[in-house]
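J.: The task is simple: from the sequences and hints, build the whole structure.
These are the residues of each chain, in order.
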Amino acid sequence: MLITLNWLKEVIDTNASAKEIADELLKLGIEVEIESREDLKPFVVAQIVSAKPHPSISKLTLCQVIAGGKEILQIVCGARNAKEGLKTILAPIGATIPSNGIVIEPRTLGGELSDGMLCSAAELLLDLPQQEGIIEMPLDAKPGEPLLSYFELDDVLFHLEITPNRGDCLSVYGIARELAAAGLGRLRQLPEKQVEQQHEIKKSPDFCPLFSLWSIEKIQSGAKTPEQILKRLEKAGIKPVNAPVDILNYVAHTFGQPMHAYDMHTCSGEISVEKRSGFELEALDGCSYKIAGEAISIVCNDNVIALAGIIGSNSTKVKNNTKDIIVEAGIFDSKCIGRTGQELKLNTQARHRFERGVDPALCLAAARIAVNMILEVCGGILVQTDVRSSIYVGSISEGDFHQLIQSRLTSTIKLHLTNVREILGQHVEEEKVVSILENLGFSICKSGDCLHVRTPTWRTYMELEEDVVSEIARSIGYDSLASCSIAQNRVVSHSLEDKARTICASLGYAEIISWSFVGSEQLLSFSQEQSIQIENPISQEMSFMRQSLIPQMADIVQKNNSRGAKGGSIFEIGPAFFQQEEVQTLAILKSGQTLETSVHTKTQQADIFDIKGDVNRILSILGQEKIIYRRQALPGCHPHKCASIISGNQCIGYLGVLMPTSIRQKQPEICFAEIYLSKLSLMQQELKRELKVSNYQQVQRDFAFFVDQKCELGPVLDAIKECNPEIIRDVILFDVFQGPEVPQGKKSFAVSCMMQSQTGTMSETEILSIHGHIISKVAEKFGAQPRLS
Amino acid sequence: MGNYTLIERLISKIDLCTSIEDLEQCRIDLLGKNGLVTRLFGELKTLPPSECKEVAQKLNTLKAEAVQKIASRATKLEEIAINAFVDQDWCDITLPGKPRGLGLIHPISKTRAEISDILATFGFTQATGPEIEDDWHNFTALNMPEGHPARQMMDTFYIKGNAKLLRTHTSTVQIRAMEGNKPPFRFFSFGRVYRKDLDATHTPMFHQIEAVMVDKEVSLANLKFLLHEIVRRFFGNSTRIRLRPSFFPFTSPSLELDIQQGSSWLEIGGAGIIHPKVLANVEGSWRGLALGMGIERLAMIKYGIKDIRQCFESDLRWLRHYGCSAY
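As given, the protein sequences belong to chains A and B, one line each in that order.
Per this note's numbering, the very first residue in the first sequence carries number 1; after that it's consecutive.
Per this note's numbering, the very first residue in the second sequence carries number 790; after that it's consecutive.
Hints listed in this document are in silico derivations from the structure and should not be mistaken for laboratory results.
Hints are supplied without guarantee of correctness; some may be wrong.
Claimed, not checked - In the DSSO-like style, the derived pairs of lysine-lysine whose C-alpha atoms are separated by at most 30 Å in a straight line are: (1) A/Lys-559 with B/Lys-1095; (2) A/Lys-612 with B/Lys-887; (3) A/Lys-290 with B/Lys-953; (4) A/Lys-335 with B/Lys-953; (5) B/Lys-1091 with A/Lys-27; (6) B/Lys-1005 with A/Lys-446; (7) A/Lys-559 with B/Lys-1005.
T.: So this is what it looks like as structure tokens:
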């Protein structure tokens, strides 16, 4: 919400500076930003009394200028519009130009003295329609008059952020009331009752505890809104419409009571407040709204003429030539207004206020002030006899009107001082509690061991003891409240995720964080399940919940490569979203050079086995044993270079190489693995058995075979080990190749077997027997031919 | 006795050997199978017992001297040889070292780790909840029934085809952690949250960390202490903090936390005493405190990051600058 200092001073008598007010509001729980043009203080209106060309420099004008004082200043000016009689703005000696920070000093130009500078709107950072040349001021500007006061820029603007529980602060008067309670001035008396009408008091429904209509006839068409009101509305960000509407908006902003005006001739008949649903309204904002749910409606002749407290209809609005109007001021149920507003996604000033609560006690006073102001500005007469002039109240009572509002619209909360102490962690004297609350407008009544606290009519969202304690806390000030330590009790909390992050970083991967949502072209699903879609995405590129982290990571590596990186290793730990579950996923991705170019080693391009090695390392540190990689075609991947990762009969992830996107440009392969951290079993790590080191000699035997080109070697290595698991400690594949010496359609591979017995040094016969066994098994199972060297 | 002189002469040659081969020849001449010392030991048995002992002693002394001298000469020659070898083994030490992959942790993760570590010293452990949530956990259970104006403070993403939404805050985890469990609690939740917003200070996805403590006696004074501790330990002892009253539907009293940076105050989080309607999710009479902070905000202040969007652009140059070591 926006208000100005001068506007504020209309309702509060205070000497506090803008800064003091802002500081106080912040302490009270209202965030403030001050916007002021103090920098324009030295600038004044000046009039050029004579202008002639500079004797030596063309395009410059020699101006004689008066600026309030008796003396005439000579100023050299380069603007084309500098001419005799013009009223403009002078930067006197010592002034700083806002746009560039230059301080004006006397100087000589082509032998002629210049005692200041005539300014353009741009130089002063002023948003005026005339930007070219020096500012041409209206004729009513007086030489010597400060620029600030002429444009009313001396009025400081406050940007206020009002929390949803403080509807009472959504007005100039509400802010003043807070400041007065904090001791920063005194609220001024509301204007005396200046108008009154003979009301017919009627009963209104529960959702509308108060409703009043005021008929004004024969207003002057085309009456102008007073300049000051226009300026203030502009500062508050409220668009001018016409005099009666501007006045209603002005009073609404001042006192927080939203009001509406109808063209009397478009609503002939009795006006009532009802709940209606399932209709359409052409609203005065030019839009058409379909209302499905129940909305509080203002009805005339069975037509809805306004959505109460939100917006009026287009056909009944007050136009510039409207002569007879009806002013409406009422109180509507905040929850109903909120629901309708949310349904229509329509946020008007009126809805904003009603949703947060409007003070019923000020309703009629604000209406009287507004009606009076309309009569003053636009002329016209308040009609006493119109059938529509009426006040409806929730229940008809003989008693005092205010008392009625009090009892129906405020609540009483029981406050125990022990609870104050327990919530705040410090004792507050009863006297102090009472004085704080009374100062804020609460009324207190002591009863037994607790205080009965009655909320003021303007406070909403006050229901519980805690809410009253909040008021006490903010009045004392959070910085002054006690602090009390809580016991230290260290727990260790290193999750699987923390561990995975450390391993990946130590393996050389850089962590990235990417969006949870992607565009349709970035959707990749290894499980081929339907993606979850966002109803109201911020853009098409962020409209689906991702099932894989890989597409975004591939883009990231490619973007970095286009910036000159030769390769990238990145990882992310984040959620993947499936129909039935969210899975915390670790994704690693490598592409291009595995290491920076170096004098020591040849550069290598990342391939799937870099990834496989890293996956082995990661899973082993995370306690996953017996990992199996199962060949499996994956969407979007190279048909041969991909597999699922299996642990304990469960698929815990995938690895692969993305399908190349071009064959002509040789692109580095994009290799990745995705591991579903939430599917890792944490109990899998077996207890270690005792280590038995054999002291007998270890024997190494190498074997070489020819096999079919497409024979998978993984199972071969397993089979060799299986020949004698007790003796064969390790099988290392150290060579695979195809070449001239290798028969067509075959490949050669070579392994080293490490053999060692636990019981004795192996004899040559034993070794030969195992040797034979290996050769025959590999030959038999895989059709391999031993290669004789 | 001339033999002794011969031995001594041979011994004196040891230190003159300039190669391992010369030294080996010396050793053979003295101590080899047919070496002088070996031979003289062999002749001992021909001597009369009276002389035998004396000669044997003498020979032993000489043998020991020879053994020791050969060993020390061998060491010396090895040393000379090593020195000669390394002397010619010149190296350009100014060449770059071998490249090692540079792994890094994102500043967001680093910040999370630091805050959760501080919380861990006070006994807070991590609780989790889904990011695709229902209206109940995100709003209603947190005292934001339908039509509550506070719902407008958070522009929410909805899921197509069902009534779910992307959680707008980590407070949803409060409810999930309380459901079916008994206080006392000390837990924190961390993770991605979503709001429809994009500019230099807002991204549609960002991270929050939230700590919750529920016990028989928990007060605003405890909350003040905890907030001060977190700021002191995270930003440093001299950081000034300011608490301002504020409003959240799920806490009362509520406050916001600012820290001073230069001449301005920056908001880093919100906190308060848990609203009784939220605590209605657990049985019995308890009080609680809750505090929440934006991780990006903390990271931006601590590491001098100017634009929040950079956190999610994954420019490797940016990551190398702002990233942290794994250890």
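J.: Now tell me if each hint is right for this structure.
T.: Hint check:
no. : hint                      : verdict
1   : A/Lys-559 with B/Lys-1095 : 21 Å, holds
2   : A/Lys-612 with B/Lys-887  : 23 Å, holds
3   : A/Lys-290 with B/Lys-953  : 24 Å, holds
4   : A/Lys-335 with B/Lys-953  : 23 Å, holds
5   : B/Lys-1091 with A/Lys-27  : 26 Å, holds
6   : B/Lys-1005 with A/Lys-446 : 28 Å, holds
7   : A/Lys-559 with B/Lys-1005 : 54 Å, violated
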